[in-house]
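Those protein sequence lines, which keep their order, are chains A and B. Going by our numbering, the first sequence opens with residue 1, and the numbers climb by one from there. Going by our numbering, the second sequence opens with residue 1, and the numbers climb by one from there.
Be careful, since some hints might not be right.
To be verified - If you want a taste of the chain B side facing chain A, the calculated C-beta under 10 angstroms gives, among others:
no., residue
1, 834
2, 835
3, 838
4, 854
5, 864
6, 866
7, 870
8, 875
9, 876
10, 882
11, 883
Rather than coming from a laboratory, the hints here were simulated on the basis of the structure. Each residue gets a CB set at the ideal place from its N, CA and C atoms; glycine is no exception.
Here is what each chain is made of, one letter per residue.
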Amino acid sequence: MAAAAPPMPRGAPAGEPTYGDVNRDIIKTLAPPGKRWFLGMAIVLSGLAFGAFCWALQLRAGIGVTNYMPPIFWGTYITTFVFWVGIAHSGTLISAILFLFRSGWRSAVYRASEAMTVFAVMTAGLFPVLHLGRAWFAYWVFPYPNVRGLWANFKSPLVWDVFAISTYLTVSATFLFMGLIPDIAAVRDQATGWRRRVYGILSFGWRNSDREWHHFMRMYLFLAALSTPLVLSVHSVVSWDFAMGIVPGWHATIFAPYFVAGAIFSGCGMVITILVPLRKLFQLERYLRVRHFENLAKLCLLTSMIVSYAYITEYFVAWYSGNPIERASFYNRAFGGYWWASWIMITCNAFVPQLLWFKKIRTSIPTLFVISLFINIGMWFERFVIIVTSLSHEFEPWQWTSAYRPNWIELGILLGSFCWFSMWFLLFVKFFPSVAISEVKEALPPPGREHGRGGH
Amino acid sequence: MRRRRFLQVAGVAGAGVAAGCGTGTPDHLLPYLVPSDDLVPGIPTWYASTCRECPAGCGILVKAREGRAIKVEGNPHHPVNRGRLCARGQAALQGLYDPDRVTQPRKREGNVWKPITWDDAETEIATALGAAASAGADRVAFVTGAESGTLDRFYDVFLGAFRSTRRLRYEAFAFEPLREASRLTFGLATVPRYDFASARYVLSFGADFLETWLSPTEFGRGFASTHGYRDGRMAKFVAVEPRRGMTGFNADEWVAPKPGTEGMLALGIASSLMRQGKARVAGVDADRLRAILARFDPGTVAEATEVEEAVIERLAREFGDAQPSLAVAGGVAHQHRAATQTAVAVNLLNYIAGNVGRTVRFLSSSPWERVSRYADMRSLVAAMNEGGVDVALVHGTNPAFTLPATAGFVEAFAKVRLKVAFASHPDETAELADLVLPDHTPLEQWGDIEPIAGVRSLVQPVMMPVHDTKQTADVLLSVAQKAGKSVAPAGVATARDLLAAGRPERDFDRLLQAGGEFAEAAPRAVRLTTDFARLGWALPAFDGPADGLVLLAVPHVGLYDGRGANKGWLQELPDPTTKITWQTWVEVHPETATRLGVRSGDLVTVSAGERQVEAVVCVFPGVRRDVVAMPIGQGHTAYGRLARGRGASPLALFAADATDPSGALAFCQTRVTLTRTGGRRPLATTEGSPRQHDRGIARAVAFTAIAAGHAPEEEHEALTESERTAIDSAEASQRRRAELGRYGEDNPKWEMAIDLSRCTGCSACVAACYAENNIPVVGESQVVRSREMAWIRIERFYDGFAGGENDLPTGTDFEVRQIPMLCQQCANAPCEPVCPVYAAYHTPDGLNGQIYNRCVGTRYCANNCPYKVRYFNWWDYGHPASDEYAFPGTLSWLLNPDVTVRTKGVMEKCTFCVQRIRFAQNDARVRGATLRDGDVTPACAQTCPADAITFGDAHDPNSRVSRKKLDERGYHVFQQLNTKPGITYLRRVIRSGEA
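Looking at chain A on its own, in the form it has when it is part of the complex (with noise of 0.2 angstroms):
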């Protein structure tokens, strides 16, 4: 290890760090945890357990331990699937998307956004089992050959998600993997004893070759272009969960792409509010720029103007359609039991990102922070709009309500998803490098020449 570099100075990063500093500060963050992260871990693990306990009262007892009341047959569960998958869209529109355009800003966020994507998939998965009636027969719904001879129903939407979801992690772990080949090499050549065994078998033999960036680069563009179709393709699938149901409020063509931009926008937002606290806590200020949380908050800002601009088209076609049903179900979107979750979502997702016009606000960080909460609460309180608010009233009128909140059960359950995710982002941040390395390095100037202006 290089010697040690004078003391990071707090707050805006001075000067272009070198290549021994990306490596040194990055690496650092791997460092053996301290108080702070185990008091982290531990709340998140115990915020986990109480989720599993739900859970369990809920395998043994039913559904029931929810408050589930019908025509509600969907809510908590299901919003929080959505909100998940959702989350886990910016992370591949990042590192993939603006990779093939070639963003540069991407670089340094896009190693977290990827692990959140993977985490977040790998916890919106849980939700589709979770809220089954039987969830211990939810390999049910895979094709597989059975001496049951029965098949899964392949017109059913939620087939479809099976494989979206399926997919989507499959793939996106892998890009994630993949790019973390460099950097892992790079924390080998740095690590002893036994974790330069492991991180050395996780880096397939890595050695830097021209040869090896050559194929690894062909590897990534490849994978890159696979995964953006995913993108649009993942949380369109999820938004046929519904859009293929004859709710109204669900049955719109529009359904697909207005759940795609939520999604980004959701995901932008969720990316802000983790790498905020992380720049801080490992002082990565030098990598983490303001330039891309700027960068971000403009993406936040498009997406939630067509986000907005969804909103309006929905209530424009209810009213338009001429439909009295369709007109009603929107009409209660707004004005009945649920108003209020539909006014928290209007004024998180398109009143509050306005404020992002301003460059004053898009470079103050901790502002940034305030609204990417705003736009996470708002995002999930937008698919219960969807999902609780449309199933509440619906075709027959009899069987309208809206008295269903969530309990105790349902909001655990929830807080334990919070937590099952931040558990393997706390894990992740401590094995594997959260900023890339090479990228990074990629971005500065190369070693012996002046920093920038074009070199020799």
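Fit chain B to the supplied structure of chain A, relying on the hints for placement.
Okay, now just chain B, sitting in the frame of chain A:
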């Protein structure tokens, strides 16, 4: 040892092992050790008997499988109900298998119950009876419910043997004013036969004849046949009552006079009838009546009753023109202090309109003649108080609950030296007794009753007794023997012997198979007497503050007088009026609620002076502004786990001495005040929105339009232009590939037609469905969460009044639209494609199948069902080890073995009783016959008293259902969704306005 003997022993030993040795009493794996030769497992045996859930006496057929009764259905040959049954009758099984039953004789020692042997108990009673008889006459009291026939006579003989005539046939609803009015007007203290079926115009003064009044199943059938629209004809029905209940919901018009003035209104109508020259009386009668009625000119009556003069004139005209018509008095109109006057007025109205002898007929007798009067009960209470009763025997009735506390029954009963309750349930009266002798439930008993003169309807056991119980008459025979008294002819040792009365066995068996002897009695001619002239015509007084609200205590359609309160099916049966389950509510008019500042779900104290009860407010447009109504039936302090401590009884508010001229207790006697307690209790209602928001779910058409030959106008045009286009193109594209919704011409296509013009909303179908399909009862807390599991529900919408889409009606001019909603078995079902595992699929005969053990519980099907008729197992209702097990103890015996008991986490729904379809198909196959129209009937259609449901094969163009589908009134719910439902509804026809 012979082979058969060996098997018997092996069977007992095996059963003992299976039950866990050492319990003392071996359980029976099968009720028969040696099954009779004609018992084929899987093939039901049917026993004819008589329903004893209320005094109406409907004939029933009980289906027993492998020796256990699993379903009650009406006896098609029985003159009372002709194969139909109400919800209470369907629930008789839950009384039989109630886990709270008294299972063995017990004796009170101090405050604890000790088991006692039958022999000891009988000896103790015999001794006490002997002592009482030697102490003097009338020192033994025997209180039963309404009884008639052989055993009733035997009870009198038995009592006579112990020198007593203190025999009471006590009923909470004894219809005394009707009997008294008949005596005063026609000289016969009886209840006439009312023939709804031939009436062309029905005017009901409060009578809830489709719910609890006299014989609701019989009347429901008759009413539906005359009021149901058919070939341009239907009767008109006007309900005159301060509260519009389920019966009133079926009315074409609701007239709401001030409470207590119903009789006056009847006289006003009668008077108007005379003056319009439509009276069918002449001579002396006419003159006398004219003189009496002169005082009741429409002006005076209108002022007193708050019913417009024009309405009175019009009702009189319509009533006189329709021939024959029928006026009936009952319910809340015949509970106040002038109930007899009301009944007399209605009798006069019938007489003047010429209905007596046509729709109102007097037979030689009526079982109601013998039912005790309230005054008899009061004198018994007085006698007990004075120590004049040494032994009191109570059988099949529960006066400690159904009498108001102020009647002092409980205190007086305590003074009786030996109190014996022959009770199948530990009810309030049994709790007070010294000896409780477990009685057979009616499904285990022998007996015969006479519901109508000329009809002897037999009661026979349909299975071996569930517990160590004995029939009361058997116990009494044995007691008499022990006391050395002769109460029966020689050789008679059991109730069955009494019934058979020396008939040859084969004769008696034939009688049992038929369910009894059904002869028709000739009506008696009656003449108007003058006795009624002595009645005072003052309006009834109500206790309480003048600005209070008159309290109407309403018999509950499910719980009756409270006897249904420990039956889950009846507790969970939504009250047809308010749709509330499990609770005691108080109905308040919307404007009164605003004035009082209460909302639905607020807990209030209902106070009549010192006496108070607590109830939940239900804002309900079917009561006048100046009244509130509460159901009778809850508020038990004993009786079983479901009944005890649940709700409150309005009887607790009553003064025992408020009676009408017939001596009947006035249930409608006081004004009350409502005070908020500050608490809230969410209403356990199944109602979502009470308005149908112009969605054309329960549709109606005006009689004037349809009778004039106009097709029912689409008053709810549910299809928009864009929807129509979308459907057309969708159908066109799908047709190219296959005929949408047709699954093989060779198979039947099961469909249903429901005539809303006949459906009364009585909810018998709901109870029948619970019985047939093993539907779990979920309890109040789950109904609050809309998690009730009833596969068929009766939706009730208010319609036809001016007001916003979210408003409740405030006037009387609203229509009530009721519609049974069950799985529509869509040919193009939204539930099927969304199931990821094919649990929801389409059968070749057009049903939406649901494979329970394939279901993983995604619930997408339920979300996608526009009719919301799929029900999810939120808890493990079907597993005996579960906390929520819905069939604890012996209740599991009533499970239909042909229907899967569902486990937690699966979706379930109406199957059109697929097990009945398959049974009939297999049966036909075995017989080598083809299935004929009518061979398959789902449980709901089978029991429907109104015969509103038709079921059959729609591929057969001659089937009844195919023909009904073509009816001009037919429509599909949510047709715009192109689901191609298998249920065709026929619009209700409303004959409002001038008829």
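Verification of the supplied hints:
| no. | hint | result |
| --- | --- | --- |
| 1 | 834 | holds, 5 angstroms |
| 2 | 835 | holds, 6 angstroms |
| 3 | 838 | holds, 5 angstroms |
| 4 | 854 | holds, 7 angstroms |
| 5 | 864 | holds, 5 angstroms |
| 6 | 866 | holds, 4 angstroms |
| 7 | 870 | holds, 9 angstroms |
| 8 | 875 | holds, 4 angstroms |
| 9 | 876 | holds, 5 angstroms |
| 10 | 882 | holds, 8 angstroms |
| 11 | 883 | holds, 7 angstroms |
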